[in-house]
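Protein chains in written order, with the numbering used here: chain F, 1 to 406; chain Z, 407 to 548.
It is worth saying that the hints were derived from the structure and are not from the lab. We put the CB at the ideal spot given by N, CA and C, even for glycine. The reader is advised that the hints may include incorrect statements.
[Unchecked claim] Computed list of chain Z residues with no C-beta within reach of chain F, every gap over 12 angstroms:
| # | residue |
| --- | --- |
| 1 | ASN422 |
| 2 | ASP445 |
| 3 | GLN452 |
| 4 | LEU493 |
| 5 | SER494 |
| 6 | THR536 |
[To be verified] Pairs of lysine to any residue, SDA-like flavour, derived with a Cα cap of 20 angstroms:
| # | chain 1 | residue 1 | chain 2 | residue 2 |
| --- | --- | --- | --- | --- |
| 7 | F | LYS374 | Z | CYS443 |
| 8 | F | LYS374 | Z | ARG419 |
| 9 | F | LYS342 | Z | GLU442 |
| 10 | F | LYS377 | Z | VAL423 |
| 11 | Z | LYS522 | F | LYS84 |
| 12 | F | LYS320 | Z | LYS428 |
| 13 | F | LYS320 | Z | ARG419 |
| 14 | Z | LYS428 | F | LYS173 |
| 15 | F | LYS320 | Z | GLY424 |
| 16 | F | LYS400 | Z | CYS443 |
| 17 | F | LYS342 | Z | CYS443 |
| 18 | F | LYS377 | Z | ARG421 |
| 19 | F | LYS320 | Z | LYS531 |
| 20 | Z | LYS428 | F | LYS211 |
| 21 | F | LYS342 | Z | ARG419 |
| 22 | Z | LYS428 | F | ALA13 |
| 23 | Z | LYS428 | F | VAL401 |
| 24 | F | LYS400 | Z | ALA440 |
| 25 | F | LYS173 | F | PRO189 |
| 26 | F | LYS84 | F | THR133 |
| 27 | F | LYS374 | Z | ALA430 |
| 28 | F | LYS377 | Z | GLY486 |
| 29 | F | LYS400 | Z | SER410 |
| 30 | F | LYS320 | Z | LYS522 |
| 31 | F | LYS320 | Z | GLU442 |
| 32 | Z | LYS428 | F | GLU394 |
| 33 | F | LYS211 | F | ALA13 |
| 34 | F | LYS374 | Z | GLU418 |
| 35 | F | LYS377 | F | ARG277 |
| 36 | F | LYS320 | Z | GLU418 |
| 37 | F | LYS377 | Z | ASP415 |
| 38 | F | LYS377 | Z | ARG419 |
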Amino acid sequence: MAVKLPIYMDHNATTPVDPRVFDAMKPYFCEKFGNAASRNHQFGWEAEDAVKRAREQVAALIKADPKEIVWTSGATESNNLAIKGAAQMYKDKGRHIITATHEHKAVLDPCKRLQREGYEVTWLEPDKYGEITAEQVAQAIRPDTILVTLMWANNELGSINEVPKIGKVCHEKDVIFHTDATQWVGKMPVNVEEDHIDLLSASAHKLYGPKGVGMLYVRRRRPRVRLSPILDGGGHERGMRSGTLNVPGIVGMGMACEICDKEMIEEASRLTKLRDRLIDGILSRIDIAVLNGHRTRRLPHTANISFPFVEGESLMMAMKEVAVSSGSACTSASLEPSYVLKALGLGDELAHSSIRFGLGRFNTQEEVDYVIEKVVKSVNHLLAMSPLYEMHLEGIDISKVQWAAH
Amino acid sequence: MAYSEKVIDHYERPRNVGSLPKDAPNVGTGVVGAPECGDVMKLQIQVNDETGVIEDAKFKTFGCGSAIASSSLATEWMKGRTVEEALSIKNTDIVQELALPPVKIHCSVLAEDAIKSAIADYQKKRAQRTGVAEPAGAGQAR
């Protein structure tokens, strides 16, 4: 079977809306357009019911109480609300926050802002696989620690932090645990009770829902977590997030979560096979290729591979009919390689040449095989013209060469 | 980012990829850039000692599509020119020919540096051999 081009393999960036999700959303634009906060007529009730149902669908996916779901515009807002909201609310208890250097910018930047405002932040460093352990967290917690914020799975690497154990450590020491689970929710099971989570961020568009809607899980019991709001206004979402609810988006997120709840176990097992086929196919045919992160402890749909001596942007150009993401930020004005890969201790030359493959619900084995062929062909084309590879073959250690400053 | 057709052409069908024997007396080698900056260019020329004409030029480049295209174009332009003529190739000529956007101008600068560096290497070797500092081809060009 011929594959249809271009192939989309960048599902960590965003996912297409599942047609079943889109169907569920459609009535909420032109017919059922009411404001969920309009308590005194049918249009409002209709919208309120739809939001209530979606809240139940999302809560069911993470084994939470529907009352613990706060709608937001996406994971960036959820992370901001969790981190700044908790920091503000508990500032009299302490001003110490723990996070990690390879977090998403939507966690790093709120933490940096708090640091400028007088909070103390401990930046944990991941090991060579991109993982943070519960032991690291236990050692970093102090009497004045109020919040630990660590992602469940890393967006670039697919690596997984020791989440249930980290949550347990936090609970034993009476510290709030927030996890940015954007890449995890809908792909792998979540149980906020068993996983000891107090605050959890998720986004609809990473799990086959629409863009512009997300949620923050806020624990109500044992312990009850309180947040200072970022947006003030009509007092929606128990006062934590004012603003008229995005009803069609919320309906979409609800349906997307319901589908994930039913299908994710099977989907994860299918994607794990495709991911391994992709990794094995590439690593067995390009001997210099290096997998970033652990071989098996990773998201089912994510592989991040470095191609030493080959530059990332030119590799993307060679495989332009395959939509993947490069570890190189070379396309922007900055020439900085990925800070996530650098956090693993990778040299710049490896960080410059890495590609993230993000598999998804609609990818097929034929597509994976096409991508393997394309990667092998493109990497070989570029290796043949790489002066660094030539030096490597001559036995020269690239890292020891004195490069002319430029 | 959209690349110009010429960049894509050079990238997909690079001219003169390869290496010349770097220890040969009439071969000049220039290696510029650094891996951590994302660009390394190696440019080599083989010069006819009698005429000062660049008879062959080869490159290998680690870098983005624009860097590869800039070095490919540089080798194409150098072949058949005298060393002195080749020295007059400016990065702005490369920018114009390949329609490089502002963020990619550094690729053309690197290519100009590579040209100069390869020529300097050749001239240094020649001076060591003959004990004369005068560059090859200088007589013909005047």
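Hints versus structure:
Listed as outside the interface, ASN422 (chain Z) is inconsistent with that label: its C-beta sits roughly 10 angstroms from the nearest C-beta of chain F, within the 12 angstroms cut-off. Some Cβ of chain F comes within 12 angstroms of the Cβ of ASP445 (chain Z); the nearest lies about 7 angstroms off, and the non-interface call is violated. Non-interface call for GLN452 (chain Z) relative to chain F: holds, since the shortest CB-CB distance, roughly 17 angstroms, exceeds 12 angstroms. Every Cβ of chain F is farther than 12 angstroms from the Cβ of LEU493 (chain Z); the closest lies at roughly 18 angstroms, confirming the non-interface assignment.
The beta carbon of SER494 (chain Z) is kept farther than 12 angstroms from every beta carbon of chain F, the shortest such distance being approximately 22 angstroms. Annotated as non-interface, THR536 (chain Z) keeps its C-beta farther than 12 angstroms from every C-beta of chain F; the closest such distance is 26 angstroms. The straight-line distance between the Cα atoms of LYS374 (chain F) and CYS443 (chain Z) is roughly 26 angstroms, outside the 20 angstroms bound, and the hint therefore fails. At most 20 angstroms may separate the alpha-carbon atoms for a hinted pair to count; LYS374 (chain F) and ARG419 (chain Z) meet this at roughly 17 angstroms.
Among the hinted pairs, LYS342 (chain F) with GLU442 (chain Z) is consistent with the structure: their alpha-carbon atoms are about 11 angstroms apart, no more than 20 angstroms. Our distance criterion of 20 angstroms between C-alpha atoms is met by LYS377 (chain F) and VAL423 (chain Z), whose separation comes to about 17 angstroms. At roughly 54 angstroms between alpha-carbon atoms, LYS522 (chain Z) and LYS84 (chain F) are farther apart than 20 angstroms, so this suggested pair is violated. With a C-alpha separation of about 35 angstroms, the suggested pairing of LYS320 (chain F) with LYS428 (chain Z) is violated against the 20 angstroms cut-off.
Straight-line distance between C-alpha atoms of LYS320 (chain F) and ARG419 (chain Z) comes to about 16 angstroms, which keeps the hinted pair within the 20 angstroms bound. For the suggested pair LYS428 (chain Z) and LYS173 (chain F), the alpha carbons sit about 65 angstroms apart, so the restraint of at most 20 angstroms is broken. Of the pairs offered as hints, the one joining LYS320 (chain F) and GLY424 (chain Z) is violated, with about 25 angstroms between alpha carbons and a cut-off of 20 angstroms exceeded. Between LYS400 (chain F) and CYS443 (chain Z), the direct Cα distance comes to roughly 15 angstroms. Compliance with the 20 angstroms bound is thereby established for this hinted pair.
A distance of roughly 14 angstroms separates the Cα atoms of LYS342 (chain F) and CYS443 (chain Z); the hinted pair therefore holds under the 20 angstroms criterion. Note on LYS377 (chain F) and ARG421 (chain Z): the hinted pairing holds, with a Cα-Cα distance of about 18 angstroms set against a maximum of 20 angstroms. Distance check on the hinted pair: LYS320 (chain F) and LYS531 (chain Z) sit about 43 angstroms apart at the alpha-carbon level, beyond 20 angstroms; violated. A hinted pair counts as satisfied when its Cα atoms are at most 20 angstroms apart, and LYS428 (chain Z) with LYS211 (chain F) does not qualify at roughly 56 angstroms.
For the hint linking LYS342 (chain F) to ARG419 (chain Z), the alpha-carbon distance of about 33 angstroms lies beyond 20 angstroms, and the restraint is violated. A distance of roughly 45 angstroms separates the Cα atoms of LYS428 (chain Z) and ALA13 (chain F); the hinted pair therefore is violated under the 20 angstroms criterion. Only pairs whose Cα atoms come within 20 angstroms are accepted, and LYS428 (chain Z) paired with VAL401 (chain F) is accepted, the gap being roughly 17 angstroms. The straight-line distance between the Cα atoms of LYS400 (chain F) and ALA440 (chain Z) is roughly 12 angstroms, inside the 20 angstroms bound, and the hint therefore holds.
Distance check on the hinted pair: LYS173 (chain F) and PRO189 (chain F) sit about 25 angstroms apart at the alpha-carbon level, beyond 20 angstroms; violated. This hinted pair does not check out: LYS84 (chain F) and THR133 (chain F) have alpha carbons roughly 24 angstroms apart, beyond 20 angstroms. Straight-line distance between C-alpha atoms of LYS374 (chain F) and ALA430 (chain Z) comes to about 37 angstroms, which puts the hinted pair past the 20 angstroms bound. About 32 angstroms separates the Cα atoms of LYS377 (chain F) and GLY486 (chain Z), which puts this hinted pair outside 20 angstroms; it is violated.
Between LYS400 (chain F) and SER410 (chain Z), the direct Cα distance comes to roughly 36 angstroms. Violation of the 20 angstroms bound is thereby established for this hinted pair. Between LYS320 (chain F) and LYS522 (chain Z) the alpha-carbon distance is near 33 angstroms, which puts this suggested pair outside the 20 angstroms criterion. Restraint check for LYS320 (chain F) and GLU442 (chain Z): not satisfied, since their Cα atoms lie roughly 24 angstroms apart, outside the 20 angstroms limit. For the hint pairing LYS428 (chain Z) with GLU394 (chain F), the CA-to-CA distance comes to about 13 angstroms; that is within 20 angstroms, so the pair holds.
Among the hinted pairs, LYS211 (chain F) with ALA13 (chain F) is consistent with the structure: their alpha-carbon atoms are about 11 angstroms apart, no more than 20 angstroms. For the suggested pair LYS374 (chain F) and GLU418 (chain Z), the alpha carbons sit about 14 angstroms apart, so the restraint of at most 20 angstroms is met. For the given pair, LYS377 (chain F) sits about 17 angstroms from ARG277 (chain F) by alpha-carbon distance, which is consistent with the 20 angstroms threshold. At most 20 angstroms may separate the alpha-carbon atoms for a hinted pair to count; LYS320 (chain F) and GLU418 (chain Z) meet this at roughly 12 angstroms.
With a CA separation close to 17 angstroms, the supplied pair LYS377 (chain F) and ASP415 (chain Z) stays within the 20 angstroms bound. At most 20 angstroms may separate the alpha-carbon atoms for a hinted pair to count; LYS377 (chain F) and ARG419 (chain Z) meet this at roughly 14 angstroms.
Of the numbered hints given earlier, the model fails hints 1, 2, 7, 11, 12, 14, 15, 19, 20, 21, 22, 25, 26, 27, 28, 29, 30, 31; all others are met.
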